[in-house]
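2 protein chains.
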Amino acid sequence: MEKITASIITIGDELLIGQTIDTNSAWMAQQLNAMGIWVKRRVAVGDNRPAILAALDAESAEADIILITGGLGPTADDITKPTLREYFGGGMVQHEATLQRLMQLFESRGLPVLQRNIDQALVPDACTVLLNNWGLAPGMWFEKDGKIYVSMPGVPHEMKGIMQDHVLPRLQERFQAKAVIHQTLLTSGMGESFVAEKLLAFEAQLPPYIKLAYLPSYGLLKLRLTALGEDKVSTAAELTLRFQEMKALLSDIAVYDEDIPMGEVLGRLLSAKNKTVGTAESCTGGFIAHNITAIAGSSAYYKGSVVTYANEMKMKLLGVQEQTLREHGAVSEATVREMAAGALQLLETDYVIAVSGIMGPEGGTPDKPVGTVWIAVGSAGQLVTVKYRLPYDRERNIQMTAVYAMNELRKLIC
Amino acid sequence: MEKITASIITIGDELLIGQTIDTNSAWMAQQLNAMGIWVKRRVAVGDNRPAILAALDAESAEADIILITGGLGPTADDITKPTLREYFGGGMVQHEATLQRLMQLFESRGLPVLQRNIDQALVPDACTVLLNNWGLAPGMWFEKDGKIYVSMPGVPHEMKGIMQDHVLPRLQERFQAKAVIHQTLLTSGMGESFVAEKLLAFEAQLPPYIKLAYLPSYGLLKLRLTALGEDKVSTAAELTLRFQEMKALLSDIAVYDEDIPMGEVLGRLLSAKNKTVGTAESCTGGFIAHNITAIAGSSAYYKGSVVTYANEMKMKLLGVQEQTLREHGAVSEATVREMAAGALQLLETDYVIAVSGIMGPEGGTPDKPVGTVWIAVGSAGQLVTVKYRLPYDRERNIQMTAVYAMNELRKLIC
Chain A
1 MEKITASIIT IGDELLIGQT IDTNSAWMAQ QLNAMGIWVK RRVAVGDNRP AILAALDAES
61 AEADIILITG GLGPTADDIT KPTLREYFGG GMVQHEATLQ RLMQLFESRG LPVLQRNIDQ
121 ALVPDACTVL LNNWGLAPGM WFEKDGKIYV SMPGVPHEMK GIMQDHVLPR LQERFQAKAV
181 IHQTLLTSGM GESFVAEKLL AFEAQLPPYI KLAYLPSYGL LKLRLTALGE DKVSTAAELT
241 LRFQEMKALL SDIAVYDEDI PMGEVLGRLL SAKNKTVGTA ESCTGGFIAH NITAIAGSSA
301 YYKGSVVTYA NEMKMKLLGV QEQTLREHGA VSEATVREMA AGALQLLETD YVIAVSGIMG
361 PEGGTPDKPV GTVWIAVGSA GQLVTVKYRL PYDRERNIQM TAVYAMNELR KLIC
Chain B
1 MEKITASIIT IGDELLIGQT IDTNSAWMAQ QLNAMGIWVK RRVAVGDNRP AILAALDAES
61 AEADIILITG GLGPTADDIT KPTLREYFGG GMVQHEATLQ RLMQLFESRG LPVLQRNIDQ
121 ALVPDACTVL LNNWGLAPGM WFEKDGKIYV SMPGVPHEMK GIMQDHVLPR LQERFQAKAV
181 IHQTLLTSGM GESFVAEKLL AFEAQLPPYI KLAYLPSYGL LKLRLTALGE DKVSTAAELT
241 LRFQEMKALL SDIAVYDEDI PMGEVLGRLL SAKNKTVGTA ESCTGGFIAH NITAIAGSSA
301 YYKGSVVTYA NEMKMKLLGV QEQTLREHGA VSEATVREMA AGALQLLETD YVIAVSGIMG
361 PEGGTPDKPV GTVWIAVGSA GQLVTVKYRL PYDRERNIQM TAVYAMNELR KLIC
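So the protein sequences, as listed, match chains A and B. With the first letter of the first sequence counted as 1, position 50 gets the number 50 in our numbering; the numbers rise by one all the way through. With the first letter of the second sequence counted as 1, position 305 gets the number 305 in our numbering; the numbers rise by one all the way through.
Hints are not guaranteed to be accurate.
No copy is singled out in the list; a pair is fine if it fits within one copy or between any two copies.
Said to hold, decoys possible - Below are the DSS-like pairs computed for lysine-lysine, each with C-alpha atoms no more than 30 Å apart in a straight line:
1) Lys-368 - Lys-160
2) Lys-144 - Lys-273
3) Lys-275 - Lys-368
4) Lys-144 - Lys-387
5) Lys-160 - Lys-387
6) Lys-147 - Lys-211
7) Lys-303 - Lys-387
8) Lys-275 - Lys-316
9) Lys-303 - Lys-368
Just so you know, the hints here were simulated from the structure itself, not pulled from any lab data. The model shown is predicted, which means the values in this text are computed figures rather than measured ones.
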């Protein structure tokens with residue numbers, strides 16, 4: 001079977017002046033790749049008619065599928081829709097479902113509906129409309145000369161919704177000449193290159209129809225096996241064997257058999273054991289609590305957190321001793337131990353995560369440089385502490401600390 | 001003078017399977033833009049000879065300057081250098097300074113020098129070498145048919161170093177580029193289409209060299225004015241006038257005159273007034289605290305937070321009355337008022353943000369459907385409450401609530 005290729009066109013001046021970092025393309029590429037569709041090119045152009053038309057010509061000459069995001073808003077600078085109508089010919093029609101959705105939305109908010117809102121329900125009659133359940137601008141599916149073109153809003157969650165609700169299933173249906181199955185192993189604690197060394201032999205003897213992809217992601221390394229086969233059942237069976245083989249080689253760093261956030265991994269574990277957790281955070285400033293509560297249903301195992309940024313709050317809320325802070329400092333094993341003990345009492349949970357560190361860019365000292373983090377996790381009976389030296393910027397140091405801390409508790413519980 | 005245009009080509013399979021999010025392009029675009037060079041297109045291609053050659057042809061037809069990153073490593077899949085040699089003709093030569101740097105580096109680390117490392121000092125003789133002070137692979141500057149091509153490593157800090165040391169100064173020298181100036185107004189509280197209505201006349205009478213862009217972003221609408229002119233001073237002066245004009249039209253929804261996160265807007269305001277803030281969060285689960293502490297230096301105005309997810313914690317930590325919860329429920333004005341009052345006492349801050357809501361997908365009731373959020377902000381002297389009905393998914397409901405809550409406090413303080 002011919003390799004199916006895709007090209008991604010992102011539209012918006014904000015991409016060309018560096019105001020927006022394009023995270024959509026990476027996500028779309030992962031989804032397509034997991035389906036066995038190869039992304040050949042990614043192109044970003046401005047809100048500019050000739051540039052968009054030229055990109056449509058150039059990319060359709062390169063790929064079977066052209067995914068387009070951006071430029072579908074209600075304002076003057078959003079010219080993607082008229083440009084697509086021009087490119088594919090025909091006129092504009094009212095899309096009833098979108099119009100009704102739009103009317104209801106404005107009504108529910110007690111807002112008047114403007115002509116330019118109603119116009120958002122106008123679509124080129126040459127397209128199949130993909131209803132947007134997350135926003136106003138619908139997705140649009142075009143076909144021309146054997147090529148598929150899909151236009152979606154640039155707002156990430158709207159694009160993802162339309163991709164998952166409509167585009168991926170349709171592409172799967174259209175190109176299901178082969179079964180494409182993938183399974184992802186979450187790992188943590190070993191660098192990509194070292195994992196690659198460990199998997200050298202394993203990867204070398206993989207059949208050509210099973211591919212291994214390394215997907216590093218904030219403190220985790222995701223190892224995705226993708227199998228392409230004629231028959232779904234036998235392909236799945238073989239993939240499972242290979243996956244178990246790979247997992248056995250990485251038993252010391254394996255985190256979970258599914259590609260879900262660390263907060264959900266921890267949540268599933270706590271639910272299964274019917275235990276509760278709370279957090280006492282300094283340097284992460286509530287980000288660990290956010291990771292836990294971002295998961296629907298987390299109230300079943302999460303009761304609360306305290307963010308004690310100031311030392312006085314560490315003392316007042318968690319009973320950290322002034323002497324401990326004076327002798328060891330806020331970023332120390334002694335302090336996170338007292339934070340954890342205090343939080344277990346205050347929050348009345350089975351388990352706790354406590355962290356204190358220096359995320360930067362300021363605040364470092366010779367013996368405690370920026371990136372120094374102490375983590376304590378566990379229960380009243382068993383407390384584990386670990387120290388990290390993170391080399392990243394503030395934002396990433398915070399994200400890494402959260403993932404590492406949640407993973408430490410996971411290791412202790414499971 | 002003609003508008004100087006650039007195109008950015010990023011090379012690497014990792015960009016096409018979604019393994020890497022391209023942050024280089026945004027940074028490069030910002031730098032070029034500040035110089036008055038307009039990025040027309042950004043293209044990502046794989047480590048693939050024909051794809052690279054095709055991209056070089058296509059982009060040089062579009063732009064005056066072609067910046068290329070990636071594919072300069074020592075491994076087999078790094079084919080950018082031989083492909084560039086082929087494209088520009090000529091042979092390969094040893095670059096002495098690079099070779100010496102490389103030798104010293106390996107010696108200092110006590111590592112053996114492999115042939116593939118030595119080969120990194122080989123460069124096409126058609127290029128001007130741009131010494132890389134942060135890594136091994138040098139930058140390469142080519143000129144052909146009046147176009148400039150610059151190849152750099154994809155490692156962000158190496159690319160940035162070569163850009164700042166060599167590329168930007170050379171481009172500055174070469175082009176008397178036009179002045180391009182941006183100014184962004186953050187707004188909140190009015191939909192894109194309604195703002196567009198308000199700005200209809202303003203936008204219609206903008207001169208052709210000033211463009212207005214609408215950039216919606218989680219609870220905020222960013223309005224960016226971009227001016228292009230011969231003279232930096234006069235262009236900036238006119239842009240400022242237009243910006244003030246626009247701001248006056250939107251005085252009721254204007255948030256800030258700069259494109260920074262809401263957490264930073266609030267932080268600057270608190271710093272200026274030398275006041276402190278804390279948060280009492282239920283449904284946002286620490287996300288507001290995270291938004292505040294994500295800003296470097298936030299310890300100057302932020303002391304701590306409590307996340308009271310369970311009702312028992314609302315009572316225990318914040319002194320919310322059991323009767324209040326029983327009569328009004330956790331998601332009510334009465335409860336957020338008591339949460340706010342309790343947090344002001346507990347956290348000993350000048351201001352507080354308290355939120356309680358139902359983020360979904362579960363937990364809604366007929367009179368309190370999913371998306372219902374109560375927010376209380378203010379001080380001991382003055383507490384403001386507001387209710388929202390958010391129509392989004394859990395993740396976005398949380399993000400919107402955080403932005404709206406921080407903005408409510410901003411409105412009360414400023």
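Consistency of the hints with the structure:
1. In the homo-oligomer, the alpha carbons of Lys-368 and Lys-160 lie at most 30 Å apart only across protomers (28 Å), although the nearest pairing inside one protomer, at 42 Å, exceeds that limit.
2. Taking CA atoms no more than 30 Å apart as the test, Lys-144 paired with Lys-273 passes in neither setting, with 54 Å inside one copy and 60 Å between copies.
3. Proximity of Lys-275 and Lys-368 under a CA criterion of 30 Å is satisfied inter-copy only: 29 Å between copies versus 35 Å inside one chain copy.
4. With identical chains, the CA atoms of Lys-144 and Lys-387 are never at most 30 Å apart, being 58 Å at best within one copy and 48 Å at best between copies.
5. For the identical chains of this complex, Lys-160 and Lys-387 are inter-copy neighbours only, at 28 Å across copies versus 37 Å inside a copy, given an alpha-carbon limit of 30 Å.
6. For a Cα distance limit of 30 Å, the shortest separation of Lys-147 from Lys-211 inside one copy, 26 Å, qualifies, whereas the shortest one across copies, 34 Å, does not.
7. Proximity of Lys-303 and Lys-387 under a CA criterion of 30 Å is satisfied in both settings, with 26 Å inside one chain copy and 24 Å between copies.
8. In this assembly of identical chains, Lys-275 and Lys-316 lie within 30 Å of each other by CA distance both inside one copy and across copies; the values are 27 Å within and 20 Å between.
9. For the homomeric pair Lys-303 and Lys-368, the shortest alpha-carbon distance between copies (22 Å) is at most 30 Å, but the shortest distance inside one copy (32 Å) is not.
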